[in-house]
Amino acid sequence: MKKSVILGVATIAGLAAGAAAAGTVDDVKARGKLNCGVSTGLVGFAAPDANGVWQGFDVALCRAVAAAVLGDANAVEFVPTTTKTRFTALASGEIDMLSRNTTWTYSRDADLKFEFTGVNYYDGQGFMVPKALGVGSAKELDGARVCIQTGTTTELNLADFFRSNNISYEPVPIETNAEAQQQYLAGACDVYTTDASALASTRATFENPDEHILLPEIISKEPLGPLVRHGENEWGDVVRWTLNALITAEELGVTSANIDEMSAGSNNPEVDRLLGTEGNLGEMMGLDADWAARAIKAGGNYGELFAKNIGEETPIGLARGLNAQWTEGGLLYSPPFR
Amino acid sequence: MSTMTDPPKADFRLSMLINDTRYRSLTFQVIAAIAIALSIWYLGNNLIQNLRAAGLNISYAFLGETAGYDVNQRLVEYNSQSSHGRAALVGLLNTLLVAFLACITATVFGVIAGVLRLSNNWLVSKLMAVYVEIFRNIPVLIWIIIIFTIMTAVLPAPNAFRGENPSSSMLFDAFAFTNRGVYLPKPEFANGLFGSTALNWLLVIAALVGSWFATREIGKKATKKQEETGDRPNTTLLTLAVWIVPFVLLMIIMGLTWNVPELKRFNFSGGLNVGGPLIALWFALSIYTGAFIAENVRAGIQAISKGQTEAAGALGLRSGRIMNLVVLPQALRVIIPPLISQYLNITKNSSLAIAVGYADITATLGGTTLNQTGRAIECVLLLMLFYLTASLTISMVMNVYNASVKLKER
Numbered sequence: 020m021k022k023s024v025i026l027g028v029a030t031i032a033g034l035a036a037g038a039a040a041a042g043t044v045d046d047v048k049a050r051g052k053l054n055c056g057v058s059t060g061l062v063g064f065a066a067p068d069a070n071g072v073w074q075g076f077d078v079a080l081c082r083a084v085a086a087a088v089l090g091d092a093n094a095v096e097f098v099p100t101t102t103k104t105r106f107t108a109l110a111s112g113e114i115d116m117l118s119r120n121t122t123w124t125y126s127r128d129a130d131l132k133f134e135f136t137g138v139n140y141y142d143g144q145g146f147m148v149p150k151a152l153g154v155g156s157a158k159e160l161d162g163a164r165v166c167i168q169t170g171t172t173t174e175l176n177l178a179d180f181f182r183s184n185n186i187s188y189e190p191v192p193i194e195t196n197a198e199a200q201q202q203y204l205a206g207a208c209d210v211y212t213t214d215a216s217a218l219a220s221t222r223a224t225f226e227n228p229d230e231h232i233l234l235p236e237i238i239s240k241e242p243l244g245p246l247v248r249h250g251e252n253e254w255g256d257v258v259r260w261t262l263n264a265l266i267t268a269e270e271l272g273v274t275s276a277n278i279d280e281m282s283a284g285s286n287n288p289e290v291d292r293l294l295g296t297e298g299n300l301g302e303m304m305g306l307d308a309d310w311a312a313r314a315i316k317a318g319g320n321y322g323e324l325f326a327k328n329i330g331e332e333t334p335i336g337l338a339r340g341l342n343a344q345w346t347e348g349g350l351l352y353s354p355p356f357r
Numbered sequence: 023m024s025t026m027t028d029p030p031k032a033d034f035r036l037s038m039l040i041n042d043t044r045y046r047s048l049t050f051q052v053i054a055a056i057a058i059a060l061s062i063w064y065l066g067n068n069l070i071q072n073l074r075a076a077g078l079n080i081s082y083a084f085l086g087e088t089a090g091y092d093v094n095q096r097l098v099e100y101n102s103q104s105s106h107g108r109a110a111l112v113g114l115l116n117t118l119l120v121a122f123l124a125c126i127t128a129t130v131f132g133v134i135a136g137v138l139r140l141s142n143n144w145l146v147s148k149l150m151a152v153y154v155e156i157f158r159n160i161p162v163l164i165w166i167i168i169i170f171t172i173m174t175a176v177l178p179a180p181n182a183f184r185g186e187n188p189s190s191s192m193l194f195d196a197f198a199f200t201n202r203g204v205y206l207p208k209p210e211f212a213n214g215l216f217g218s219t220a221l222n223w224l225l226v227i228a229a230l231v232g233s234w235f236a237t238r239e240i241g242k243k244a245t246k247k248q249e250e251t252g253d254r255p256n257t258t259l260l261t262l263a264v265w266i267v268p269f270v271l272l273m274i275i276m277g278l279t280w281n282v283p284e285l286k287r288f289n290f291s292g293g294l295n296v297g298g299p300l301i302a303l304w305f306a307l308s309i310y311t312g313a314f315i316a317e318n319v320r321a322g323i324q325a326i327s328k329g330q331t332e333a334a335g336a337l338g339l340r341s342g343r344i345m346n347l348v349v350l351p352q353a354l355r356v357i358i359p360p361l362i363s364q365y366l367n368i369t370k371n372s373s374l375a376i377a378v379g380y381a382d383i384t385a386t387l388g389g390t391t392l393n394q395t396g397r398a399i400e401c402v403l404l405l406m407l408f409y410l411t412a413s414l415t416i417s418m419v420m421n422v423y424n425a426s427v428k429l430k431e432r
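Taken in order, these protein sequences are the chains called S and H.
Quick note on this note's numbering: the first sequence kicks off at 20 and runs consecutively.
Quick note on this note's numbering: the second sequence kicks off at 23 and runs consecutively.
Careful: at least some of the hints might be erroneous.
Using 27 Å as the maximum straight-line C-alpha spacing, the simulated DSS-like pairs for lysine-lysine come out as follows [unchecked claim]: (1) S:Lys-316 to S:Lys-48; (2) H:Lys-286 to S:Lys-150; (3) S:Lys-103 to S:Lys-132; (4) S:Lys-240 to S:Lys-150; (5) S:Lys-316 to S:Lys-240; (6) H:Lys-370 to S:Lys-158; (7) H:Lys-370 to S:Lys-103.
Looking from chain S toward chain H, a few residues come up when the C-beta cut is under 8 Å (computed) [what the hints assert, rightly or not]: (8) Lys-103; (9) Asp-161; (10) Arg-164; (11) Asp-209.
Derived from the structure by calculation, the hints contain no laboratory data.
Only a predicted model underlies this, so the values are computations on that prediction, with no experimental measurement involved.
Glycine is no exception: its CB is placed at the ideal position from the N, C-alpha and C atoms.
Looking at chain H on its own, in the form it has when it is part of the complex (with noise of 0.2 Å):
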């Protein structure tokens, strides 16, 4: 039998929070926090008592003003009536599209450079390192303006496509490429089954999901069959009919016409318009970060030992199965994380969309508006929250989809 004592418990005093080796640190960690927090406090009190002595009283009423400026490319109804916040969505969705088809092109340009930067021909690794260092080294900027020089300089304008013997002529008579941007044939429903264009365009989206959930099912069914028998059925046409009948037969109800681009006065009008601006930025944006997300790709496949490669060769793999099918794979895990900040990098860039009269948002909330009301502030604050937003988001998704593709322990 023992009897058990509680230690005796020490009177909790003060001094302690000084002289006890367990209280000091969070002692010194609470004042250092106080001491930030009264500081910025003392800095936005600073600002805000300044900008009041000086007449400017922060104040967010501007966006509901009318804005009385037009932007050329509108991803939803704007003209120069709307409000200085409806320019500023504007501006935001224009952002957010040039950087997310940057991100995929960049990754496309990124992955096939540094793939082919490390081939055992001599000359293809070569120019893949010339690539690299040469957009790597020079400012994005620079990339904009150039590209989008060398566009309008070489490619004619849409008078050149004019008169009885033009010197251009359009593309199977439905594609123009002009130093303006590139006009493509639209694609239109005569007789949509609902009244929105949307809704139109959704339903193909969802038969075209729906073709691709069948297509597994096929496949899975195949895989069982070919286990149980050890013959796999040729699904190549079921395959194929699966995709094709139900678009086909959906656009025949809806009635698919193309609106072709028409040269009209003074440019081509109708049709599908990839304003030049949009295509300068995302190709510079695209090739620039390319550079930087092949030495990505460089370093992670490198990262895997050698050991992984020939085990995969002495077990009869070709080099093109290996690269996808073993090394790929787990180089993924080192290439994901930069990868993310060249995202982010690709986003923050495409501010310099001004540079080639790219209505982003920081030409219309950033440029214009800011200009026309004088409320630099306000604009710049609003400016740095939407970029932080969007950077935090697009890292959230990464980081996501990061964690399905890290190496699992069990």
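The shape of chain S in the complex, shown without the other chains (with noise of 0.2 Å):
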């Protein structure tokens, strides 16, 4: 990069100024503020809500990696990416961080060269029908007319889920959520496909929710998670244990509730020292000692924000499911704070 003055960021302003920046963290806590990608609008993931205040689950990790770095959950200026934006945005470093139900997967990881930072939600792509078509299983469709978020991997697994099943379809691309969700209720397309969260947070913004049914069949595996940039490991730690520390805060019985009173000191190690009163697990990090504290703070911890934004109480109804504790029979195991 000798030469790369200001030509070469006129030419490739993208790749020069991911690779050029020194580090994230600085960068962050120089600016006082976080910039986070997020979805153009998927509620209860990331949405504006009535004030015009970004809400939902996506949202809340950005918010609590904010008042991790920076002490305040509203430091945060939200970034909304389409599928087909978004990578190119991290990667130029328009976003510090893309928070934006994203699948982990191999050649993101190598080829574009991310570094998932974590799961926050165990998904898979289901199919959604409207009740009166009377279909109960995926491998009935066969001859229906599919819409789909043109650049995702979903657009890959419809393709080897029909090819396997020996059964035909007519993909239609289209670009955002909000497309496809008029496109679905016009009847222009028989089913919708995509994650079961996003299609779940999809019918709930629908007039008659009841009218639209999910199929059991999941046909893959959707680790969605947050990314930063290949190369930044300092801040690619802080993504990391930010989301870890409110894994562990939920398994550790951590709320935002109790959390005034278990950071006066408990008589639990762990707790200490995640909350920072034992140990110096903050400065590690090139943070202060209450980070995690702050970041369990701004919205609660990992089941405080399912519940609030995604669970079985909202409009969206997700079950835990996958997305229990381990020792709930779930998948979200954090590594130990020591």
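Bring the two chains, given one by one in their own frames, into a single complex with the hints.
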């Protein structure tokens, strides 16, 4: 990168800027604001509420990271990205992290040069159909017209599923979730397919959610998680361990309600280490001692965030399923804070 | 007797490159050319070095890899196991198809609207003015989306054709207009003379071309007879026969059948399906560019001096024939050059196809392939090359046509 002074930046601004950034942790601190890439609008995961404030499960992770690094859960600039623009936005340095129901795959990690810092939602690709169609299984969808978001892993899974079951379909490529919803409701496609969580979220916004069903087949593994650029290990650590702190907090029973009491000191050494009353875990990462406590306070632990944004009490109504703690038969398992 | 001596030849000196006006401009042009070439080389080299530093080498190997995704409108054989290169070809043909169709219909809309805008009928000319101003001044992407949305909302879904008392029914039991597209009966040959469908259709086209030449011969003969005797023989029946008889015979021999679309579990199947995205994109591009062409046509017509019209009127021609025989042929000289750039606009604007889910080359190569392989620079370079080639080809063809209609100076 010797010659890239001005002209190089003009030609491939994206790549140059991404690799040239010294350290995102310092950049974010200096800026006083976290640039976080989110979805353009997926209720429950990332969508602005009636007051224009971003709310949702993915949004909460951005806020937790901002709280840990900057001490202010509201010091976040949310950058809406589509499935097509998200990776360019991250690679170019326009955003510091991407928290946008993005599937962790081998090629995105190794080829596109991104670092996934964990999984915040274990998902799988599902199908939604109108009840009136009388379809009970995805294998009955021979000849159907399927709406699909272009540029996603779901596009490839779909082709594989129909090919391996030897049935035909007609794909309708759509750019955003909102457009897909409009096409699906107008009957221009029979089926809408994407991650099951996104289907549930989309259905919750329908006028008559009861008239649509999710088919039982889940045809893929979609571990969704936050990601950062390759080679930014310190920043990657901050995002990874903020997520782990939220998960560990749930496991250890630390909630936004009892955190002040717990921070005063408890008789559980791991809680003390997590909340910074014992040891110097924060210092190792270049943050202060109560970084994790601030992250948890921002919105609550993993379980609270889940229940508040997408849980069974919400219109989206997702069960914990795979996303329960490992102690309760789920897959959530944070490495220890030690 | 005179002696001629050559003028003394001055020796060429290096300083003349600057001081001698004969060489000076050349010197500066050479210097400028070298400077431009150097900076292009610098930029290109810089790009390649930076890409290498970022661990990204320009490589087109991905074009041979399996694409893994499906495309809904395929003019050539394609499935999810085909290569990315094949997917790009499918997109390329889709782009060319919609651009070709839109160029034709935009010209038709444009010529009609342009001529009618100059009509003496107040209502007609004002209506055309409204059409031109509305369509010209709203971005084409908005029109594409509006037309597509109206289409999906107004036309019935295939389900509406189902049941005992369906709310929609097929036209003549053969045509279905749904919000997913139009389904038409498709002509097929039960016992074609060739194995391949394409060859059978070529035969039909050949027969029609033959009929056209035969009709021209008949016309010529009639004209000759008219010049000799003053009577023009009636050729209507003969011409009709020349058109119909070979065509019908061919259809009977090859066993023409109609593959009528049928409502299946989810969709109509069989027949010929013109997809909703294609219709919306085609119509939007035509009606939008038609407004621009209308203005070109109006300008061309107004460029013809009024004396031409008056002279033709004095010879007793009626206004329709004045337009067709006198004004339009001359106006073409003014209309064609800006028309070329409108055709280029249609081709380039067709890249907005993804807005309605039409799989053009920007959607396949520049969309899904780019996303799945992460080869952004390679894909964009290919796209640039394609649009450049397509535009230059259209430009060339139209320039040849322009040369044939332009004023011939003798």
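To see whether the hints hold, each was checked on the structure:
At most 27 Å may separate the alpha-carbon atoms for a hinted pair to count; Lys-316 (chain S) and Lys-48 (chain S) meet this at roughly 20 Å. Distance hint between Lys-286 (chain H) and Lys-150 (chain S) is fulfilled; the C-alpha atoms sit about 18 Å from each other, no more than 27 Å. Taking the CA atoms of Lys-103 (chain S) and Lys-132 (chain S), the gap is about 16 Å. The hint holds against a cut of 27 Å. Between the alpha carbons of Lys-240 (chain S) and Lys-150 (chain S) the distance comes to roughly 25 Å, so the proposed pair stays at or under 27 Å and holds.
Using a Cα cut-off of 27 Å, the hinted pair Lys-316 (chain S) and Lys-240 (chain S) is violated, with the two alpha carbons roughly 31 Å apart. Note on Lys-370 (chain H) and Lys-158 (chain S): the hinted pairing is violated, with a Cα-Cα distance of about 40 Å set against a maximum of 27 Å. Using a Cα cut-off of 27 Å, the hinted pair Lys-370 (chain H) and Lys-103 (chain S) holds, with the two alpha carbons roughly 20 Å apart. The beta carbon of Lys-103 (chain S) is positioned within 8 Å of a beta carbon in chain H (closest approach about 6 Å), and the interface hint is therefore held.
Given the 8 Å rule on beta carbons, the hint for Asp-161 (chain S) holds: about 7 Å separates it from the nearest Cβ of chain H. With a least beta-carbon distance of about 6 Å to chain H, the hint placing Arg-164 (chain S) at the interface is held under the 8 Å criterion. For Asp-209 (chain S), the shortest C-beta to C-beta distance to chain H is roughly 5 Å, which falls under 8 Å, so the interface hint holds.
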